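Enquirer: Taken in order, these protein sequences are the chains called W and P. In case it helps, the working numbering puts the first sequence at residues 46 to 224. In case it helps, the working numbering puts the second sequence at residues 74 to 274.
Since the hints were made in silico from the structure, they are not lab data. Mixed in with the good hints there might be a few duds.
To be verified - SDA-like mimics (lysine to any residue), calculated; alpha carbons at most 25 Å apart, straight line:
#, chain 1, residue 1, chain 2, residue 2
1, P, Lys273, W, Gln143
2, W, Lys69, P, Asp270
3, W, Lys69, W, His89
4, P, Lys273, P, Ala121
5, W, Lys69, P, Thr274
6, P, Lys273, W, Thr204
7, W, Lys69, W, Val117
8, W, Lys66, W, Lys79
9, W, Lys79, W, Leu156
10, W, Lys69, W, Val96
11, P, Lys273, W, Phe202
12, P, Lys151, P, Ile266
13, P, Lys273, W, Thr95
14, P, Lys151, W, Arg118
15, W, Lys79, W, Val96
16, W, Lys66, P, Met269
17, P, Lys273, W, Val70
18, P, Lys151, P, Gly123
19, P, Lys151, W, Asn98
20, P, Lys151, W, Val70
21, P, Lys273, W, Ser71
22, W, Lys79, P, Val176
23, P, Lys151, W, Gly116
24, W, Lys79, W, Phe202
25, W, Lys69, P, Val176
26, P, Lys273, W, Val117
27, P, Lys273, W, Leu140
28, P, Lys102, P, Arg152
29, W, Lys69, P, Pro150
30, W, Lys69, P, Ser262
None of the values given here were measured: they were computed from a predicted structure.
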Amino acid sequence: MIQEAVAAADTWDAAVVRILKANKVSLVTYVPDKVLAPLIRRLHADEYFTVINPAREEEAVGIVSGAYLAGVRGIVLMQTSGFATLPNVLASLALPFQIPLLMMVSERGTLGDHQLGQAIVCSTLRPILEALRIEHFAIERREDLEFVADRMIQQAFATQAPAAMILSPLLTNRAGAPA
Amino acid sequence: MQDTLFRTLGRASAAVMNRAALTRHLTAKLADEAVVGGIGNTHFDLWAAGQRAHNFYMLGSMGLAIPIALGVAIAQPKRRVIALEGDGSLLMQLGALGTVASVRPANLAIFVWDNGAYQITGSQATLTASTVDLVAMARGAGIARSTWAEDETHFDALVGEALTGSGPMFVGARTDNAPPAGVTERDPSRIRIRFMDAIKT
Ligand SMILES: Cc1ncc(C[n+]2csc(CCOP(=O)(O)OP(=O)(O)O)c2C)c(N)n1
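Work out the full structure, taking the sequences as your base and the hints as a guide.
Expert: Here you go:
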């Protein structure tokens, strides 16, 4: 179990690294996002993780799915626009084959974004997750991160179902993290 | 050996062969290798060649045979992994070639059946029927060990290399438009569980 006292002291990105390790999630695939940059830096610097950055989020899902079939746990990191490219592969690979695909989505296009397109893409995030009945939760407060992420990862593997952890700007940007 | 195996011929000089026959040639040489069969008639012929438990049949997610096989190869570096994909499917996810080249899995071989068509949806032409040479693209993406299979003898030698050589390789095989030799059973859970049990370490 993760100790709350230690947890509260570090940044969200350091905490994510710790939570992934605690759940033996060692493969990370991503298409970059500026908010995720500090997390991506940490993952690349940590030998525990195999980190791959393919050209598209669909590829990232394929790689993590294949690794799961072969016994390795992975996660896909992306921003909202990346998630919007995924409904077909979620509906035709992860869901029917019951693959516990972990996704961490940096929520862009809300709470002060300056791009209309980004905001419109953001408005598709929850309707897609709900249409596909994929477990999702937006993490807004640092003190909720361990509990929510840890539980969502465990549930994904226990129920053989994909899960989307949404990182709200309230979590990643409130203390002046890069916009 | 390698020099003569990976040849510089272009698509136009490669013999047109039969996908079902080539698939049988390939699977006949396999033991515990994992095979991922892409959407289209690719996985139909993989199924028809014998229902190996080590086969994963993709029922959707067009273009993802190579990424899925790459994931298996990364997770199990000691197991040989083969991706079978159609030209139309690969055209949808060309970036995957660059990903394979940069990850450089020693145990991954890619075979692409290039019939110049989206055969399963009515044989509409793909881009390879006009200008695109997928082997040149694989080479350009950084998979140095890329080649067209010149004929069946060459194809068989390339299968041998896929089972013994080191480093990612890419084989383009031109195929005719004969119908597939069978139809894959469509129960995703069964396919996944059988595959996972077969390759469990
Ligand atoms: C994203 C997406 N677009 C279109 C389709 C419809 N579709 C299914 S298989 C296929 C053709 C596959 O072509 P290819 O990989 O060349 O295989 P072949 O049919 O020639 O065996 C198409 C267009 C789909 N399943 N998914």
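Enquirer: Each hint needs a verdict: does it hold in this structure or not?
Expert: Checked hints:
Under the criterion of a C-alpha separation no larger than 25 Å, the hint pairing P/Lys273 with W/Gln143 is consistent with the structure, at around 17 Å. Between W/Lys69 and P/Asp270 the CA atoms are separated by roughly 20 Å; this keeps the pair inside 25 Å, and the hint holds. For the hint linking W/Lys69 to W/His89, the alpha-carbon distance of about 16 Å falls within 25 Å, and the restraint holds. Among the hinted pairs, P/Lys273 with P/Ala121 is consistent with the structure: their alpha-carbon atoms are about 24 Å apart, no more than 25 Å.
Under the criterion of a C-alpha separation no larger than 25 Å, the hint pairing W/Lys69 with P/Thr274 is consistent with the structure, at around 17 Å. Between the alpha carbons of P/Lys273 and W/Thr204 the distance comes to roughly 19 Å, so the proposed pair stays at or under 25 Å and holds. In summary, the hint linking W/Lys69 to W/Val117 is supported, as the alpha carbons are separated by about 8 Å, within the 25 Å threshold. Pair hint W/Lys66 plus W/Lys79 holds up; C-alpha atoms about 23 Å apart against a cutoff of 25 Å.
The suggested pairing of W/Lys79 with W/Leu156 holds, with an alpha-carbon distance near 16 Å, which does not exceed 25 Å. Of the supplied pair hints, the one linking W/Lys69 and W/Val96 holds, its CA atoms being roughly 14 Å apart against a limit of 25 Å. For a cut-off of 25 Å, the pair hint linking P/Lys273 to W/Phe202 stands: about 17 Å separates their Cα positions. Distance restraint check for P/Lys151 and P/Ile266: the Cα-Cα separation of roughly 21 Å lies within the 25 Å cut-off, and the hinted pair is therefore satisfied.
Between P/Lys273 and W/Thr95 the alpha-carbon distance is near 20 Å, which keeps this suggested pair within the 25 Å criterion. As the CA atoms of P/Lys151 and W/Arg118 are separated by approximately 17 Å, the hinted pair is consistent with the 25 Å bound. Proposed proximity of W/Lys79 and W/Val96 is supported: the alpha carbons are some 17 Å apart, at most 25 Å. At roughly 23 Å between alpha-carbon atoms, W/Lys66 and P/Met269 fall within 25 Å of each other, so this suggested pair holds.
Distance check on the hinted pair: P/Lys273 and W/Val70 sit about 18 Å apart at the alpha-carbon level, within 25 Å; holds. Annotation: proposed proximity of P/Lys151 to P/Gly123 holds, straight-line Cα distance about 24 Å (limit 25 Å). Under the criterion of a C-alpha separation no larger than 25 Å, the hint pairing P/Lys151 with W/Asn98 is consistent with the structure, at around 23 Å. The straight-line distance between the Cα atoms of P/Lys151 and W/Val70 is roughly 20 Å, inside the 25 Å bound, and the hint therefore holds.
About 18 Å separates the Cα atoms of P/Lys273 and W/Ser71, which keeps this hinted pair within 25 Å; it holds. Simply put, W/Lys79 and P/Val176 have alpha-carbon atoms about 23 Å apart, close enough for the 25 Å limit, and the pair holds. For the hint linking P/Lys151 to W/Gly116, the alpha-carbon distance of about 13 Å falls within 25 Å, and the restraint holds. A hinted pair counts as satisfied when its Cα atoms are at most 25 Å apart, and W/Lys79 with W/Phe202 does not qualify at roughly 29 Å.
In summary, the hint linking W/Lys69 to P/Val176 is supported, as the alpha carbons are separated by about 21 Å, within the 25 Å threshold. Restraint check: the Cα-Cα separation between P/Lys273 and W/Val117 comes to about 11 Å, which is no more than 25 Å; the hinted pair holds. For the suggested pair P/Lys273 and W/Leu140, the alpha carbons sit about 21 Å apart, so the restraint of at most 25 Å is met. Distance restraint check for P/Lys102 and P/Arg152: the Cα-Cα separation of roughly 15 Å lies within the 25 Å cut-off, and the hinted pair is therefore satisfied.
Between W/Lys69 and P/Pro150 the alpha-carbon distance is near 18 Å, which keeps this suggested pair within the 25 Å criterion. A threshold of 25 Å between alpha carbons decides the hint, and for W/Lys69 with P/Ser262 the separation of about 24 Å falls inside it, so the pair holds.
Comparing the model with each numbered hint stated earlier shows that hint 24 is the single one that does not hold.
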